[in-house]
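S.K.: Each chain is listed here by its residues.
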Amino acid sequence: MSTRDLETKPVIGLEIHVQLATRTKLFCGCPLEFGAEPNSRVCPVCLGMPGVLPVMNRTAFELAVRAATALHCDIARFTKWDRKSYYYPDLPKNYQISQYDLPFSSDGYFDVPVGETTKRVRILRVHLEEDAGKNLHDNPAVTLVDLNRTGTPLLEIVTQPDIESADEAYAFCTELQKLVTYLGVSEANMQMGHMRFEPNINVHITRDGVVYKTPIVEVKNLNSFRSVRGAVMYEIERQIQDWLADPTYTLENRGKENRGWNDTREITEFQRSKEEAHDYRYFPEPDLVPVEISEAWLAELQADIPELPLDRQQRLQDEVELSAADAATIVGDRATADLFEAAIAAGGHGITLGKQFISFWLRRAKERNTSIAGLGIDAERLGELSRLTADGTINATAAARIAEHMLDSADTPMAIAQREGLIQVKDVGQMQVWVDEAFAANAKAVQDAVSNPKKQQRARGFLTGQVMKLSAGQADPKIVGELIDKKLAELAAG
Amino acid sequence: MAKKIDEAQVRHIAMLSRLKPSDDEVRLFSEQLSAIVEYIEKLNEVDTTDVEPTAHALPIHNVFREDVPTEPYGPDQALNNSPQRVGSFFGVPKVLDQDSGA
Ligand SMILES: [Zn+2]
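Those protein sequence lines, which keep their order, are chains A and B. Counting with the numbering used here, you get residues 1 to 494 for the letters of the first sequence. Counting with the numbering used here, you get residues 1 to 102 for the letters of the second sequence.
Everything labelled a hint here was simulated from the structure, so no lab data went into it. Hints may be right or wrong, so weigh each one.
What the hints assert, rightly or not - Partner residues aside, some chain B positions facing chain A, computed with beta carbon under 8 Å:
1) Arg11
2) Val51
3) Ala55
4) Gly74
Note that beta-carbon positions come from the ideal geometry of N, C-alpha and C, so glycine has one too.
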């Protein structure tokens with residue numbers, strides 16, 4: 001039996017950990033620093049010494065509430081923390097402080113652009129917990145433990161199983177990265193492991209009107225968007241094939257399975273599920289007091305939530321008439337989007353500015369491994385360049401040359417244009433002189449343009465180029481084109 | 001009367017805690033833990049009909065610290081009491097399964 005006779009519906013939920021952008025850990029003042037010497041950012045609290053007391057980092061809690069609010073979650077007015085027991089050397093207390101039955105937020109949703117449409121994914125819950133340290137397994141005789149990461153504040157976001165494809169899962173993760181960086185909730189740096197993903201995947205297969213469900217597979221610890229897409233894509237196909245080969249491969253018979261992603265081979269691999277691994281023996285953390293959120297505090301936290309990426313993208317499409325793709329690119333980096341809007345406020349020309357952002361500034365920024373905002377060019381100058389281009393003071397070629405100069409000088413675009421002689425000549429009389437001159441010097445091309453149908457197009461282009469050259473790039477190409485056409489028509493009419 | 005914490009439960013918790021008690025210890029802990037639980041059950045005699053459930057014993061909430069770094073221990077201090085030190089790392093018996101539960 002082939003997959004063509006089946007109706008298959010992938011059912012995917014995501015569990016995502018996001019590292020919060022605090023300076024210190026969740027329950028102690030140890031500074032967070034990526035790549036520091038092992039065990040140099042630790043103290044009795046995060047080392048799990050007896051007799052110590054954790055104290056909640058206010059900023060971590062506030063960032064968490066801000067993120068959950070942007071995900072349209074209900075914020076609990078009362079929340080507490082719990083101990084999740086398990087024994088592993090990267091967590092020296094033998095328990096993780098997490099939230100079990102009273103998370104600080106639940107029941108939200110996140111709208112994710114997928115192609116031309118928007119997919120709504122419901123959020124089951126968002127809670128605040130501490131990260132574990134790192135175990136290194138390279139040494140054959142001994143496991144090495146670095147506890148610098150222990151106690152790092154993490155947001156755990158759990159979605160409902162609303163996602164139906166690898167592309168949707170990918171879009172959710174990238175859009176979430178955009179959201180948390182917008183909110184200032186996380187740096188969301190993938191290289192530094194600020195976001196980790198665990199998709200839950202199974203497939204509902206309909207055959208002859210009967211629905212069969214494959215076992216739910218949790219793919220552990222993915223740390224790139226690419227691996228999320230790859231793992232989900234692989235799992236959907238693998239589960240269908242495994243069910244076809246063995247009809248007892250179902251959720252009823254097998255329950256849940258853990259698999260790991262092999263990044264090199266791009267496959268998932270079965271992981272023996274630890275016996276009773278889920279016996280975490282949760283109980284309330286007696287060392288932390290609960291948090292009660294007053295209306296006033298909540299209002300204060302929710303007041304400074306900025307316009308969210310998707311809303312902003314829509315507004316730029318409506319107000320500035322940018323294409324969806326261009327708007328998404330500009331909105332992708334908050335500082336760049338801020339700069340774009342500041343440049344328009346400073347008198348810039350929206351559509352032209354959009355074109356210059358995408359075609360010129362973004363390219364230069366990428367070459368320098370930064371964002372457009374990171375190029376350090378102020379909004380006034382960016383706005384002015386777009387305005388000068390839009391009103392015809394300079395042409396597009398001149399704009400690119402001026403922009404090049406702007407990268408390493410603080411001069412205004414107008415000053416550069418004047419200094420470099422790039423102001424567009426609008427004097428039709430002067431342009432006519434250049435046209436006549438070009439025609440006189442290129443008799444062969446003129447002849448082709450008038451009477452050789454095969455070469456007409458190219459000859460006309462050549463003549464335009466000659467005129468632009470004579471004008472040192474300052475002629476208005478549109479008017480030059482008109483003058484050339486007029487003159488060729490006259491010659492043809494003889 | 002059946003024990004509150006029977007020997008099977010003691011063995012289960014011991015397994016979760018990576019402990020290997022002897023048979024005598026299992027018997028002993030079962031008796032001791034049962035006695036503790038029975039003692040705590042005395043609380044069930046209190047009439048709590050009109051008492052609101054609480055998540056915490058203390059009548060306080062919202063205890064926070066500001067997000068300001070303090071001076072951490074360096075590796076020397078952190079590793080001072082460690083049974084095994086490898087460079088700046090703690091050395092522990094070889095862990096076979098790679099994924100932590102966190
Ligand atoms: Zn610490």
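S.K.: What hints, given by number in increasing order, does this structure fail?
M.R.: 1, 2
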